[in-house]
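Q: Heads up: the protein sequence lines correspond to chains H and R, in order. Using my numbering, you'd call the opening residue of the first sequence number 40 and step up by one each time. Using my numbering, you'd call the opening residue of the second sequence number 40 and step up by one each time.
FYI, nobody ran anything at the bench for these hints, they're computed from the structure. Keep in mind that a hint or two might mislead.
Stated by the list, open to error - Listed next, the in silico BS3-like pairs over lysine-lysine satisfying Cα-Cα at most 30 Å (straight line):
1. H:Lys137 <-> R:Lys53
2. H:Lys53 <-> H:Lys321
3. H:Lys150 <-> R:Lys252
4. R:Lys94 <-> H:Lys252
5. R:Lys150 <-> R:Lys137
6. R:Lys150 <-> H:Lys252
7. R:Lys212 <-> R:Lys94
Protein chains: 2
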Amino acid sequence: MSNLMTNLGQAAQKVSRQLGNLSTPEKNTALLKMAEFLRNNVPRILAANQKDLEKAPEYGIRPTMIDRLKLTAERIEDMAIGIEQVAALTDPIGEVEKMWQTPEGLTIGQKRVALGVIGIIFESRPNVTTDAASLCFKTGNCVILRGGKEAFYSNQTLVDILQETLLACDLPKEAIQFVSDTSHEVANQMMQLTDYLDVLIPRGSDRLIQRVKQTATVPVIETGTGNNHVYVDHAADLEMAVQIVINAKAQRPSVCNAIETILVHTEVADDFLPLLAVELKKNAVEVHADETAIQYFSDGQLATEADWQTEFLDYILAIRVVSSLDEAINHINHYNTKHSEAIVTDSYQASQRFLNEVDAAAVYVNASTRFTDGFMFGFGAEIGISTQKLHARGPMGLLALTSSKYIIYGNGQIRE
Amino acid sequence: MSNLMTNLGQAAQKVSRQLGNLSTPEKNTALLKMAEFLRNNVPRILAANQKDLEKAPEYGIRPTMIDRLKLTAERIEDMAIGIEQVAALTDPIGEVEKMWQTPEGLTIGQKRVALGVIGIIFESRPNVTTDAASLCFKTGNCVILRGGKEAFYSNQTLVDILQETLLACDLPKEAIQFVSDTSHEVANQMMQLTDYLDVLIPRGSDRLIQRVKQTATVPVIETGTGNNHVYVDHAADLEMAVQIVINAKAQRPSVCNAIETILVHTEVADDFLPLLAVELKKNAVEVHADETAIQYFSDGQLATEADWQTEFLDYILAIRVVSSLDEAINHINHYNTKHSEAIVTDSYQASQRFLNEVDAAAVYVNASTRFTDGFMFGFGAEIGISTQKLHARGPMGLLALTSSKYIIYGNGQIRE
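Extracted from the complex, chain H is given alone in its bound form:
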């Protein structure tokens, strides 16, 4: 194990008790100051970002990724506002969620506490640095951030500024730390830092998440990939179905809550697909359709097995005609990544069966999957969208960054 990761882990663990016991005003004061320090350092951040942008061709980074990497004064302002929004959220730490008495007269309460030390491995977007750091800090956790090499200078400068703020508030700078070595070797060591990390959250491509899943012995919250579907039932309002499919596919195809495949009940295929074809064309969406559906799309291509498995994250939609609700549910449970799934129907029974039987973090009736989001759900924040079943499932707000402990008040009880 490299000294780097062990040192970061030890330093975090050393201050984690202090962090977990900070009062809400202490945390909020520091968060507001972080926003202020960011605003006071715009030229410094832009200069660091410029160094990353200059290196981008060397790393063979695609233009869409360069857009994610690029910071502007406006984007830095958004980061500062984001931190202020986190300061404004209700602090879950310290809340005793329930309290009860046992027959022996013990009073037991379940109290919300910080997790301890959180590792975040992420790619490209430097705004994850301030997002993740502020959410972890608000919940009394230490965070160790490991960004990609392509945003190295931006991330490091942002963490420097956050640490300067902590010191200015008489708080330990080890609350927010940065992994200054972006090698795969050190990332793998971070994934196995079981003595110091309470949880590891990867944020990025499917490739990153799969690598973490296969390598990490630290507890992981798997986030992100969404191979999502809309099923257009035989009892669907077809106008509504067109709107939902277009929204879920084309409003922002690059995000994890967009859809990749639609399943259309055979009874409505003949009415629905021509309506949809017009709108898909308007939105420049490429169609990969099965043998039944292909006839409605003059420039569509025939779908292959790979299409059902792929998270395109692009203006591409796979289309399959199914003969029953069961066939739709089976297709979804076989190919989906347990993220977000929707049915469009006016059948009460179909809606209930879909809600019960589809296995996903968020299951919708008559709405776009694009709502799977911590802000849209009303959590006021989002550290990611969990696609696993342990600890947290679906959009994760502050609560997902906490644990609990039992506090027990007795008056001399011993066990018989």
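Chain R: place on chain H using the hints.
A: Leaving out everything else, chain R in the frame of chain H:
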């Protein structure tokens, strides 16, 4: 990857949707039948257990472990009663815990669902087979059980009987499966079966748990080891302190919620330790004391660094005199395994600081640590005691074996 583990994983996954959607009466009927089938098969179970007992010397199993391994008609009856108690518990599956409306008019509910497929790796005690299987079944989960080689025939026969019950109830026998190869190699494969297992719960020795923690890429719930403390404050009721220490140490030393070390405030050492010495002697507890405390124990031995780190699980108590509450809290947070910790005090401030600052799943004021137990806490069941912070912390009842999903009712909402 061996075919064995992949086959078990695939078979479980195939039936897991059916399991998750069983109604409460369907599950309870099957559970009651399992108890009945156990009672009808006592001679068959005892015969299998006899085979294990005959092999025990070959595996070099200690007498205390042989007692854990041995089944009797009475112990089998206890297993049957245990299953009936699980049948009587409230079923958490299907409950919608909260439901709210968003500004866009979506109605979002958080519904309790099964985790899916649970792996259990355990040692020695065959009763874990029926305990774990019944709790997983009650919560709509498939379970794959991997017991130790020392209880192979007992475990296999118990699973055979549970599977016969499932078939008699027209339910898939793949809901409860047994790993028939007890090699380390296959256990390691189970720990990495990320495609099929939603969670892995180890139950057994610290060695087993450490191995799982270091090897598993499947999400793990760490259970068990308890290096626990009682701190006797300067403001303690000393009679109460003696009773609590004796109970926590000597009532049942082999369990994880017993204590291993006590910390005594220097101001009360002179009054407290002689009182304690008498009672420890009565209970045949060996003392490993620091240089200050050793004078009160004529046949005590001097404590070493190793004593503070050791979970004795035996009639041995380490004793250290501390000069302040801070020193006690620092000792505990440094050496403990985050399980159960207690303070004896009449100081309000000391009690509050101890509850807030000690990092453990269960923190007690004026009570024995022996109450850390799902039954004592009122959960009606226990699958283990989690010493990690993710997903579940402390005694785990049925709720720890569940996940949630968001169900969303819309009427055509799309995202702007």
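Q: Now, for every hint given, state plainly whether the structure supports it.
A: So, going through the hints one by one against the coordinates:
Distance restraint check for Lys137 (chain H) and Lys53 (chain R): the Cα-Cα separation of roughly 37 Å exceeds the 30 Å cut-off, and the hinted pair is therefore not satisfied. A distance of roughly 57 Å separates the Cα atoms of Lys53 (chain H) and Lys321 (chain H); the hinted pair therefore is violated under the 30 Å criterion. Restraint check for Lys150 (chain H) and Lys252 (chain R): the C-alpha separation of about 26 Å stays at or below 30 Å, so the hint holds. Distance restraint check for Lys94 (chain R) and Lys252 (chain H): the Cα-Cα separation of roughly 39 Å exceeds the 30 Å cut-off, and the hinted pair is therefore not satisfied.
Taking the CA atoms of Lys150 (chain R) and Lys137 (chain R), the gap is about 8 Å. The hint holds against a cut of 30 Å. Between Lys150 (chain R) and Lys252 (chain H), the direct Cα distance comes to roughly 26 Å. Compliance with the 30 Å bound is thereby established for this hinted pair. A threshold of 30 Å between alpha carbons decides the hint, and for Lys212 (chain R) with Lys94 (chain R) the separation of about 29 Å falls inside it, so the pair holds.
Checked against the numbered hints listed earlier, the structure breaks hints 1, 2 and 4; every other hint is satisfied.
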